[in-house]
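**Q** Residue numbers (our numbering), protein chains in the order written: chain Y, 71 to 425; chain C, 7 to 533; chain U, 1172 to 1531; chain B, 11 to 344.
Hints listed in this document are in silico derivations from the structure and should not be mistaken for laboratory results. Relax, there's no trap hidden among the hints.
With a straight-line Cα cutoff of 35 Å, these simulated DSBU-like cross-link-like pairs (lysine-lysine) come out: (1) C/K432 x Y/K288; (2) C/K321 x Y/K288; (3) B/K195 x U/K1480; (4) B/K195 x B/K271; (5) Y/K265 x Y/K288.
To spell it out: a stretch of chain B is covered by chain U in this simulated footprint if at least three of its residues, at any positions, have a beta carbon under 8 Å from a beta carbon of chain U; those stretches are: (6) 211 to 225; (7) 235 to 248.
Please read all numbers here as calculations on a predicted model, not as lab measurements. No residue lacks a Cβ here, since even glycine has one placed at the ideal position from N, Cα and C.
Below, each chain spelled out in residue letters.
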Amino acid sequence: MSAERAAAAPAPRRLSELARWEALIFLLIVGTMVLGSGLSDEFLTGDNFSFTSADMAEIALMALPLTLIVITAEIDLSVASILGLSSALMGELWVAGWPIEAIIPFCLLVGAVCGAFNAVLITRVGLPSLAVTIGTLTMYRGFALVVLGDAAVADFPESYTRYGFENVPGTIIPYPVALFGVLAIVFAVVLHKTKFGREIYAIGANQEAAFFSGVRVKRIKEILFVVSGIVAALAGVIMTLRLASARADYGTGFELTVVAAVVLGGVSIFGGKGSIVGVILALFLLGGIRSALTLGQISQEWVTIVTGALLIAAVLGPNLVQRAREARAHSRDRGRSARSGSLEHRPREKRGTDE
Amino acid sequence: MSEPSARSEAEAKPVIALRGASKAYGAVQALRDVSLGLTPGEVRALIGENGAGKSTLVRMLAGVERPDSGEVLLDGEPITFSSPHDARDAGVAVIYQEPTLFPDLSVAENVFMGRHPVRSGRRIDRGALRKEVAELLRRLGVPLDPDDPVRGLSIADQQIVEIAKALSFDARVLIMDEPTAALSGHEVERLFNVVRTLRDRGVAVLFISHRLEEVFEICTTVTVMRDGEVVWDGTTAEVTADDLVRRMVGRDLGALFPKQDTEIGEPVLEVSRLTREGVFVDVSFEVRAGEIVALAGLVGSGRSEVARAIFGIDKPDAGHVTVAGKRLRPGSPTAAMRAGIGFVPEDRRQQGLVMDLSIERNATLTRLGALARLGVIGRGAEQRLASEWAERLRIRFHRLTDPVAYLSGGNQQKVVLAKWLATDPKVLIVDEPTRGIDVGTKAEVHRLLSELAARGLAVLMISSELPEVLAMADRILVMHEGRLIRELPGRGTTEETVMQAATGRIAEAAITAADEGPADGLGKEGQ
Amino acid sequence: MSQPAEAVAAPAPQQSERSRRDFLNAVVRVRELGLIVALALLITITAIAEPRFVEAASLRDLVRNATIIALLAVGQTLVLVTRNLDLSVGSVLGLSAFMAGDLFQNNPDLPIPLVFALGILLGAAAGVINGALVTFGRLPALVATLGTLYVFRGLAFVWTGGSQVNAETLPDSFLSIGTSTILGVPTIALFTVVALVIVGYALRNYRAGRELYAIGSNPQAARLAGIRTDRRVMAAFVASGALAGLAGVLFTARYGTVDATAGTGYELQVIAAAVIGGVAIFGGSGSVWGAALGAVLLTTITSALIVLKVPAFWQQAVVGALLLAAIALDRFIAVRVAERLRQRSTRTTAAAQARNGGER
Amino acid sequence: GETRDDEDDGGGGTAAEGEANPEAEIPEGLEVVSIPKQLGNPYEEIEHDGVKEAIEELGGSHRYEGPTDAGASSQVPLINAAAQQGVDALIIAANDPNAVCPALDQARQRDVAIVAMDSDTAPECRSIFINQASSEDIGDTQIEMVCEQIEGCEGEIAILSATPNATNQNTWIEFMEEELEENEKYANLELVEIAYGNDDDQKSFQETQGLLQAYPDLKGIIAPTTVGIAAAARYICGSPYEGKVVVTGLGTPNQMRKFVKSGCVEEFALWNPADVGYLAGHAAANLAAGRITGAEGETFEAGRLGEYEIGENGEVILGPPTRFNQDNIDDFDF
Ligand SMILES: Nc1ncnc2c1ncn2[C@@H]1O[C@H](COP(=O)(O)OP(=O)(O)OP(=O)(O)O)[C@@H](O)[C@H]1O
Ligand SMILES: Nc1ncnc2c1ncn2[C@@H]1O[C@H](COP(=O)(O)OP(=O)(O)OP(=O)(O)O)[C@@H](O)[C@H]1O
Ligand SMILES: [Mg+2]
Ligand SMILES: [Mg+2]
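Just chain Y, same shape as in the assembly (with noise of 0.2 Å):
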C-alpha cells in the first residue's frame, strides 16, 4: 500500500517541478557559497573540500541506497546500525588477524546478509519497513556491541588506512568521494535509464498497479535492501579507515542524518518520486553548510539548528509557493486557475481510492 500520510500530503510533482526543486537546491548551494566564503577564507579551498567530503563520505555512499528504497515507498533505518557492525567487525578480525583483503569482502557479505534479513521480514512476513529498520536498527547495533563490545581496534596498517582519508594523487577528491562518484552515477543510470528503474518508479507510485503489470515487486525490493545493506558495510570499512580505527558505535544516529539528505533531495517520502542528482545536491548543500558554519566559527548547535530549519524550509517553500499562486488563481479571472487547480484535485480524487 502507498504510504500516503493525511491531508497534508503534497500534490504529485511533475518532471518540470522536480527540475525546480533541483534548481532551488543549487541556488541555496550557490548561497552557502557565498556564505561560506564570506565567513571564511579557508572555506572555497581544495583542502576544506577534501575535508568536509571526506567527513561526508559515509553518509553520502548511504544516501545512493536509500533513495531508491525511498522511491519505492519504502525506508531503511538500519543503515548507520550495519555500518556500526561492519566497523566492529572489521575491528575483530583484524585482531583476530584476517588480512584485509579478506576482511573487506567478509564485512560487505555480512552486510547483505543483514540487508536480506531486513528484506524478508519486509516482503515476505509482510511487515511496513519502519517497523523493521527500527527493529533491526537497535539489533544490529546490539551485534556490533557483541562483536567487538568496549574495545576500539586501531592498528591497521597505515598503508591501509590512507585510503580513507588520503586525496587520489593529484586531486582534491579523497578516494571514499571518488568511490561515491562511481556508485552514484552507476545508481544514477541504473534509476533513470533502466528497466530497473523505471519498475522502482512505478513500485512507489502504485505498488499493486505494478505486481499487476508484471513487475517482481518483491525481487525488487529485496535487492534494494540488500545492496542498501552491502554500501552501509562498505560505508562502515571506509569510516574504520578513515578514522584508522574500529568501533562499534560508530555512525550511531546517522540513519535520520541520511534520511534528511534523500528528502532534502526532493525523493517523496511517499515514494514514486525523486532523482539522484537532487540527493547528491543535496549532500553538497548539507556538508557546505556545516563547513561554512564550522569554519565560521558558528557553534555546533547551529548546525543542527540549520540542517532541520533548511529541511522543513525546501519544501515548505514550494509548497507555499503553490498555495499563494492557487490563492491569486481563484480571485484573479478564473479560468486561468487550471494548471495549479488540477495539481491541486487530481491527486486527491486518486487518494480516495487509494486503500
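With chain Y fixed as given, assemble chains C, U and B with the ligands onto it according to the hints.
**A** Positioned in the frame of chain Y, the structure of chains C, U and B with the ligands alone reads:
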C-alpha cells in the same frame, strides 16, 4: 400519490442548480458554461461519454471544487460551498463515482462517520448507530453486518455501503455518480425502489449511468453532455435510447456488439482443477485461439479470483494452468506474461494503472524489457510505442506525458488495454472491460476484442452485463459460489438461462439444458 | 420461489452478525491480550531467576521506568492513527524538561502546578508548529517532524548553553513526584494513567476520536465526508506535543539531572512501543492501551535483562530481536483475521446473490 | 598555517621533532582552540574555563568548540577546521583515542601544537597529555573510599561505569580490579559486576535498580563517572537501601552536595577540573612557543599551579584526586 404535486412545485423553483458553470483542468476544458437544475421530486439522468464532464459537474454541486466561472444556486440563491461539509449541511447527499470508504472502520461507522448518533455528553451511542444502519441495510435488502470492517468487502458490497451512506442523511438532494456500475440486477432494483420512495417524498435526484435502460426505468428527465457542454435537456418520454446515444456521441453508431464469427483454433489457455480455498473450487476449462469465452456469474461468484489466479496474482491451492501446452509456474505474473497472457484487471485505478505516472509510462510499463538497448531505455522508442497505441485505440489525451489520472474513466481503460495489447499476447483476460464506460467507447472496446479474436487471440472475458456477454461470447461459462456449474453456447442463449444457472438453480437450468444437448457439445455451436 | 429463499435468508444476518462480532471483539482483545501475556511471561521468567524482581518496590520501579515512554506513546498513537508521525517528541521532551528545571533553579518556590502547566504549554506550542507545517504547509509529517527534531534539539543546546540542572537545586516537593507513591502506586505513573484513560475513552466514544481513525484510514474520503481533516490533524499534533511537554516535566521530577541531551533518541523508542502495541504505522487502527502496553513491555525487557545478568553488550541485541518478534506476531494475528473476514464475506455475498437472483 | 609544503611523515609532527628552546617567547596573539567531548556537559565547561583563564593570562585568545554528540567521529570536523584556521595550539578531550588521530596528524603537519587533557588520545598523535591524576591513584582512591565506608570492609561491591567504551573509566576500572587483587587489605571485597549507565541519567538509574535486585547483599557501588554517581545516589538516598548500600566514586560537589549533607553519601572524589584546564592551557602555550616539545623531563611554568615536569610519553599529572565530604564540600562550587 404525491407525484403531481411534486411536479407542480418542481416548475416553481429548482432546489439546487448550476448556472453558467465552467471548469478547466490544465488544457482540458472539463465544463463549458453548463446550466442544470434539480427540482424536488425530480429524478434527472445525466448521461454522456467518458470525459464528458459528468463527475466534474458532480464535484461542483458537492462542494469538492468551485467552478472557475458561473455559480451554484441553492433555492435560487447563489451560494459558494467552500467544502463538502457546507454542501452536506445544505442537504446535498452525494455518491461519488469511486468508493470513498474507510477500510479500517466498520460498515456502521462508514455510514455515519462524523455524524454518529450521540447520547448525553455528546458520547457516541453505539446501540443507536447499529440499529439505524441495520435498518438502512435492510431497506437495501443486503445481509451486511453493520459491525463488519469494510476492508475485504467486494466492490459491490462497498458500493452498497456508499448508497446506505447517501441515504442516511435524509437529504433534499441526492446525487449518484454511476452507483450501479458495480451492482447486479437485484441490487439495482432495490436501489431504484428506494429512489422512488425518496422521489415521492420530494427529494431531488441526479442519476448518472452509462446503462440507458436504467435511465428509462427510473428517470423522468434527462440531461445529455458532450465535451463538457450540455447538448440536450428534456424528458425521457420524448426520446428513445438511440436518440440519446446519437446525442451523446454526436454520431450514429452501428450495432453495439459487432462480434464477428472467427476461425476457432487450437486450445491456447487450459485451466484444470484450479482451486483457491474459500473463493473458488475445482475450476476447469479451456479457451481456444480466436475464441471469446465469457465468465458469467453474480457479483462475488469468484470470477475475478479465477482470473487473478490464472494470471498468477494469487497462488492457487490446487490445479494448474497451461498456455499453448506449457505449464505455468503458479503465483507468478511474470511467468504468465512470458507465456503470453495479458490481464486487464477489474479495478482500473488501483490495479490497472499507476495514476501518478504519465500515459506513456503506463502504456510501456509491460514492455520495458523490449524497449531497452543494452539495458538502457531510449526515450524515442518509448514515445513511439506509446503514441502508436494511443492512435490505434483512439485514446483522447492532451499530452502523452500527462499523468494518466487526468484521463476520464473510459480513456483510462483504453490505456490499460493498450498496455497489454502492446505485449502482443496469445491470451487476453479482461475483467469487466466496459465497467463505467460509455456506449461509444464500449462499442470500440467490443470491436477491438472481436478484431483481436479474429486475429487468433484467445479472449477470456468477465462481465456482469448479460447483453454484452450474450453478444460477445462464443461460449459462456457460468460460475456460482465459486464453482463452474454450467457451460452455455454464446448464441441462442437467453438472459434467463444464464441467470438461472448463475443463481444456482441448476435443477431447472438442467432441464432447459437437456433439450439443448450436452454442455460441451453446445460449446462447439459457437463456431 | 422467493418465499423459501427469504425463509433461508431471514436467520442468516443475525447469526452471522453475532458470531462475527464476538470474533472481532476477540481479535481486538487478542492484540492487547497478546501483549499482556508476553509481559506476564517476561516477568514470571525473570521472577523465577530473581524473586526480588517482583517485590512491590521493584514492580513500582518497572512502572516508573515505563511512565515517560508510555506517555509519549499515547501522544504518538494519536498522530500515527491519522497516518502521520511525530519524530520531534524526544526533542520537545528535552526542551520542556530543561525549562522545568530552569524555572525551579531560578525561583525555587514556584507553584508546581504552574510549572506543569508551562511545560504542557511549551509542548503544545511545539505541536502547533508541527501541525501547521503538516496541515497548512502540506509537509509530509516525517519531513516536518524530522526537521523540528533537529531544530528543537538545537534550541535546547542554545538555551542550556552547556549548563545542567541538578537534583539538588530542585525543590524536594517536586522531586518527590518522581519517587513518592499514592496508595502504593507511583505518583508519576498516575499522570500517565489519567492521560491514557482520557485519550483512550475519547478516541473510542467521541466523534472527534473516530474521525481521527477515519482520516488515517482514507484521508480523501474523510474530506469528502465533511470532516475538517486539517483541524483534526492539527489537534492530534498539539495533543502529542502537549503530552511530550508533560513528559518533560515528569522527566525532570524523576531524574533531577537534566541537560540539553535529555530524551535524545526517544522518538524511535516511542514509535517502536506504539508499533509493538499494534498501532498501524500507516494509520487507521490501533489503541492507546496497546501503545502503552508496548511501552511497558519495552522498558520491562531492559530491566529484566539487567536483572537476569545478561551481559551488557547482549542487552541491546536482545531488545531488538524481541521488538521484531513482537511486530511479527502482531502481523501474524492481523493476517489471520483478514483471511477469516475474506472467506466470510465471500460466503455472505454469494448467499445474498443466490437469494437476489431467486427473486428476479 | 597555510603552508603544507613540509610533507614529513604524519606520525611525529614538527613540534615534537624540533629542539626545545626554553628562552622562546610566547607568540603575540596566541590562538588556542579547545575541543570538549561534547557540548553541554558542565564538568567540561569548567575544565575549558580553566583553559580560558590560562590563555588569557598569557595574552592569547581562546575558543571553545565542541560537537553536539559524543560520537567517536564527531570531533574530526572541528579539528580539521581548527587546522585550516591555522591556530597555534589545540587542546582536546578525545571521545576516542584513535579516531581523532588522522585529523590530529594533519593538524600537526600545519604546526598546530596538540595537547590532550582529561581523556587521552593515542600518545603518538599528541605532544602532551594532561592527566587529572594518575589513573592508578584514581583507581586506588575509589577502592580505598569504598573500603573505609563499608563497615568491616567486606562484602559484594559493584561498579557503575559510563559507556562500555569510555577510555578513562576503563583504565581506572583496570586499576581498581588490580588493586582488589593485589592489596590483601581488600581481600574480603568482592567485585560482582561492572554495569554501564552510558553516562545517561536514566540508564544509570535503571542500572542501579538492576544491581540492587540482582545482588541482594550488595554493600557498595562505585561510580567512576559524575552522571553515574549522581544517579546512583539519587536512587539509593531516601530508598530502603539508604544506609545499607554505600555510594561513592567520582562526582562534582554541586551534584553531590545534597546527598553528602544528608549523610547518605559519606565521601567521594574528583580533581578540580578548572585546574586541569588551566594546566593544559599553559602546557599548550609553552608547546606552541617551542619552549617544550613534550619530551620526558622537560619542565614548564603553569602560573598559579607552579612548575610541572613532563613524565614518560608526554604525560603531565595534575596531582592526587581531591576527596569531598561534609567538612570541605562547601569550599567548592562546580
Ligand atoms: N483533476 C483533473 N485534472 C485534470 N483533468 C481532469 C481532472 N478531472 C477531470 N479531468 C478531465 O475532465 C474531463 C471530464 O472528466 P469527468 O470525470 O467529469 O468525465 P465523466 O463524464 O465523469 O467521465 P466518466 O463517465 O468516464 O466518469 C475529462 O476529460 C477528464 O480528463
Ligand atoms: N479485494 C478483496 N479483498 C477481499 N476479498 C475480496 C476482494 N475482492 C473480492 N473479494 C471477495 O471475493 C469474492 C469474489 O470476488 P470477485 O470480485 O471475484 O467476484 P466476481 O465474480 O468477480 O464479481 P465482480 O468481479 O463482478 O465483483 C467477493 O464476493 C468478495 O467477498
Ligand atoms: Mg465520472
Ligand atoms: Mg470481478
